[in-house]
Amino acid sequence: MSKKVLITSRSFGKISNEPLDILTGAGFEVTMKGKDFDQAEFEAMIPDYDALIIGAHEFPEAVMERCPKLKIICKHGAGLDNIHLEKAKELGIAVCNVPGTNSNAVADLTFGLMLAVARNIVSTNRWVHEGRWQTAIGVDVCGKTLGLMGFGAIAKNVARRASGFGMKVLAYDPYVKELPEEFQSYVTLCGENEVISGCDFLSLHLPLNDETRNMISAPQLASMKAGAYVINAARGGIVNEKDLYEALVSGHIAGAAMDVSEVEPMAEENPLRTLDNVIITPHIGMYSKEAIGAVSLICAQNVAACAAGAELKFQVV
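Using the working numbering, the first residue of the sequence shown is number 1, and each one after it goes up by one.
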């Protein structure tokens with residue numbers, strides 16, 4: 001009986017056939033599901049599979065318990081907040097992600113979002129397409145202070161880009177006690193509150209967990225400089241969207257740029273969608289050819305390695 005792998009990430013294998021060739025070469029029957037693959041269908045199908053390459057679908061504890069054949073879960077990306085890691089460990093299911101491989105892609109998008117919201121690029125572009133030759137006054141990014149919540153691979157790459165704009169960088173990360181030498185001339189490690197209150201642009205680079213959920217809510221937003229901006233290309237649940245909306249409408253926060261939302265896809269009735277000073281993209285942080293190609297390849301290699309009893313890359317469980 002052939003082994004079966006279910007792939008729920010829509011971007012898997014979009015750049016080349018090599019990842020699929022690796023899976024079929026390892027004897028796997030491959031099932032790839034597209035954008036219309038809903039949560040209920042996923043939960044009904046997964047118990048029949050030996051391996052899973054997962055995108056954004058939730059993989060809760062109760063569903064995992066119904067998967068006696070499952071040997072490995074590969075996250076097509078870095079974030080693991082949609083996978084119940086403790087249950088996977090208990091059941092002996094290997095879990096791997098692909099950290100760092102998409103860090104340039106996400107950093108590029110983060111910086112692009114910051115520039116776009118600071119200079120009203122998205123709204124003024126839309127106005128021209130609508131036939132309105134209308135201007136809007138923005139702010140310089142060059143020389144401003146960037147606050148980074150988290151200082152992992154993506155945040156480090158954002159800091160490198162910020163250095164080219166002459167920005168001062170404040171960074172908070174409870175797991176980083178000393179800066180690598182290359183950052184010491186322009187990055188300052190600070191406490192959480194100091195970063196939030198001291199920056200002109202606040203950029204989030206944290207995983208979503210019990211400690212970070214709603215980390216940026218009304219008190220934190222109120223403590224920010226008047227006219228500051230919030231950039232989130234990490235996870236939607238880190239920011240309380242209701243509180244962010246109120247801070248934007250009040251004018252205390254000048255703008256926000258988000259590649260993520262609390263619920264994805266973002267609900268049509270979400271009031272953030274009505275604001276010209278908010279940029280929202282549909283979680284495209286890793287959607288560069290280079291990042292998708294690398295992430296897909298590593299996921300396929302890990303599935304094949306698991307079947308062969310070989311060492312796995314980036315194994316977390």
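These are computed hints drawn from the structure, not numbers from a lab. You may find that some hints are simply not true.
[Claimed, not checked] With a cut-off of at most 20 Å between alpha-carbon atoms, the simulated SDA-like pairs for lysine to any residue come out as follows:
{"hint": "1", "residue 1": "Lys177", "residue 2": "Gly191"}
{"hint": "2", "residue 1": "Lys3", "residue 2": "Met215"}
{"hint": "3", "residue 1": "Lys289", "residue 2": "Lys71"}
{"hint": "4", "residue 1": "Lys4", "residue 2": "Pro47"}
{"hint": "5", "residue 1": "Lys144", "residue 2": "Lys177"}
{"hint": "6", "residue 1": "Lys87", "residue 2": "Ala56"}
{"hint": "7", "residue 1": "Lys3", "residue 2": "Pro47"}
{"hint": "8", "residue 1": "Lys144", "residue 2": "Glu178"}
{"hint": "9", "residue 1": "Lys289", "residue 2": "Glu29"}
{"hint": "10", "residue 1": "Lys71", "residue 2": "Gly100"}
{"hint": "11", "residue 1": "Lys4", "residue 2": "Ala222"}
{"hint": "12", "residue 1": "Lys168", "residue 2": "Asp140"}
{"hint": "13", "residue 1": "Lys313", "residue 2": "Gly25"}
{"hint": "14", "residue 1": "Lys14", "residue 2": "Gly55"}
{"hint": "15", "residue 1": "Lys225", "residue 2": "Pro207"}
{"hint": "16", "residue 1": "Lys69", "residue 2": "Lys289"}
[Unchecked claim] Label-pair distances were calculated between CB atoms; the ranges are:
{"hint": "17", "residue 1": "Asn193", "residue 2": "Lys89", "range": "48 to 58 Å"}
{"hint": "18", "residue 1": "Arg132", "residue 2": "Ala310", "range": "58 to 68 Å"}
{"hint": "19", "residue 1": "Arg132", "residue 2": "Glu182", "range": "42 to 52 Å"}
{"hint": "20", "residue 1": "Trp133", "residue 2": "Pro207", "range": "17 to 27 Å"}
{"hint": "21", "residue 1": "Val139", "residue 2": "Glu246", "range": "36 to 46 Å"}
{"hint": "22", "residue 1": "Arg66", "residue 2": "Trp133", "range": "17 to 27 Å"}
Cβ atoms here follow ideal geometry from the backbone N, Cα and C, with glycine treated the same way.
Structure-based check of all given hints:
no.	hint	verdict
1	Lys177 / Gly191	holds, 11 Å
2	Lys3 / Met215	violated, 42 Å
3	Lys289 / Lys71	violated, 29 Å
4	Lys4 / Pro47	holds, 11 Å
5	Lys144 / Lys177	violated, 24 Å
6	Lys87 / Ala56	holds, 18 Å
7	Lys3 / Pro47	holds, 13 Å
8	Lys144 / Glu178	violated, 23 Å
9	Lys289 / Glu29	violated, 25 Å
10	Lys71 / Gly100	violated, 24 Å
11	Lys4 / Ala222	violated, 51 Å
12	Lys168 / Asp140	holds, 13 Å
13	Lys313 / Gly25	holds, 19 Å
14	Lys14 / Gly55	holds, 14 Å
15	Lys225 / Pro207	violated, 25 Å
16	Lys69 / Lys289	violated, 33 Å
17	Asn193 / Lys89: 48 to 58 Å	violated, 35 Å
18	Arg132 / Ala310: 58 to 68 Å	holds, 59 Å
19	Arg132 / Glu182: 42 to 52 Å	holds, 45 Å
20	Trp133 / Pro207: 17 to 27 Å	violated, 44 Å
21	Val139 / Glu246: 36 to 46 Å	violated, 22 Å
22	Arg66 / Trp133: 17 to 27 Å	violated, 59 Å
Hint violations for this structure: numbers 2, 3, 5, 8, 9, 10, 11, 15, 16, 17, 20, 21, 22, all remaining hints satisfied.
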